[in-house]
Amino acid sequence: MNWHRYASPANFKRLSDRLMPWTAGGAAVFLAIGVWTGLFASPADYQQGETVRIMYVHVPAAWMSMFVYANLAVAGAAALVWRHPLAEVAGRAIAPVGAAFTFLCLVTGSLWGKPMWGTWWVWDARLTSVLILFFVYLAYMALNSAFDEPERGARASAVLALVGAINLPIIKFSVDWWNTLHQPASITRLDAPAVDPSMLVPLFAMAVGFTFFFLAVALVRIRAELLERRLEALRHARVAGSTIVERA
Amino acid sequence: MAAFLDMGGYAAFVWPAWILSAVVVASIAMTSVRRLKSLERELAEVENGRGERP
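Protein sequence lines, in the order shown, are assigned to chains A and B.
Just so we're aligned, residue 1 is where the first sequence starts under the numbering used here, counting upward by one.
Just so we're aligned, residue 249 is where the second sequence starts under the numbering used here, counting upward by one.
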C-alpha cells in the first residue's frame, strides 16, 4: 500500500512548521499566566483554603483527558472509515499524551481528596470511570503496538478507541446519575459557573495552555510517527533491493 | 515566602500536585522533541545512502 502519497510527510511538515510557533507560543504564554494567577494572584477558598490551588491543575488535566480521548475516537473513526494513514498515525501519537493527562488527573485528585474528603481514593462513579479511562488508554497503546504490521495494530486499536468512547458521557454525567463523593459540575452548567471570576482566570488559563501544549506536542509526535514509518519503508525497500542485487 | 511555601498547612498536597504536573508536562515535551530529532538524523543517514548505523 502506498500510503506516502496520502499522508504526505512533506505536506504535514509544512503544516506543522507553520502551526508550531503559535501552538508552542500559546502554550508558553497561557501556562505562564496560569501558573502566576494560580499560585500567586488568586485567593484561597473560604472553605478549602489553599488546597483550592490543586483545582488549577486537576480540572484542566481532567478536561484534557477527555478532550484527547475524543480526538482519539475521531482519529479511530477516520482510520477505520477512510483508512487514512494520517489518522492511524495521529491516534498512536496522541494516546500516550492523553494517558499522561488522565494519570495527572487521578493523582492530583487524590492529593486533593485526602485533605478535603479525608481519603485518597473512593470507588465512586466519577473516580472509577476516570480510572477506567486510564486503563482504556493503556489498552489502546498496548493493542496498537501488539502486531507486526502497524496497519493491523492501528485498526484493532481504532475499534477499541470507538468502543471506549462510551465512557466519555459516563464520566461527564457520572456525578449526576449516581450519588458520588465527587462534586457535580460547577463550570459547564446551564446557568453561570459557580466559581468566582478570580478563580476562573487561572482555571481557564491552565486549560487553554494545556490545550495549546497538547496541539504542539501532537504535531511533533505525528511528525515523528510519519518519519518512523518512512524509515521503516526505506529499510524494507533497501533490504529487498540488496536481495535482488545478491541474486543477480 | 515561608507562608507561601506552607500553603496554609496544605503544602504536602498542593506542591506535589503542581510539581508532578510540571514534571509530566515537561517530560512529554522533551521526549517527544528528542525522538523527532533522532528520527530526523536517522532518516537523513539512510537517505544519504550511508545506510544503517552499526
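Quick caveat, the hints were computed from the structure, so don't treat them as lab data.
A hint or two may mislead.
Each pair of labels, with its calculated beta carbon distance range [stated by the list, open to error]:
1. A/Ala192 x B/Val271: 29 to 37 Å
2. A/Glu232 x B/Ala274: 23 to 31 Å
3. A/Glu232 x B/Ala251: 51 to 59 Å
4. B/Arg289 x A/Ala41: 40 to 48 Å
5. A/Phe147 x B/Gly297: 27 to 35 Å
6. B/Ile267 x A/Ser186: 38 to 46 Å
7. A/Val74 x B/Met278: 39 to 47 Å
8. B/Thr279 x A/Trp22: 21 to 29 Å
9. A/Ala41 x B/Leu268: 20 to 28 Å
10. A/Ser198 x B/Arg289: 26 to 34 Å
11. B/Lys285 x A/Arg235: 13 to 21 Å
Backbone N, C-alpha and C define an ideal beta-carbon position, used for all residues, glycine too.
Kindly indicate which numbered hints from before are broken by the structure, ordering the numbers from low to high.
-> Per hint list: 6, 7 and 10 violated.
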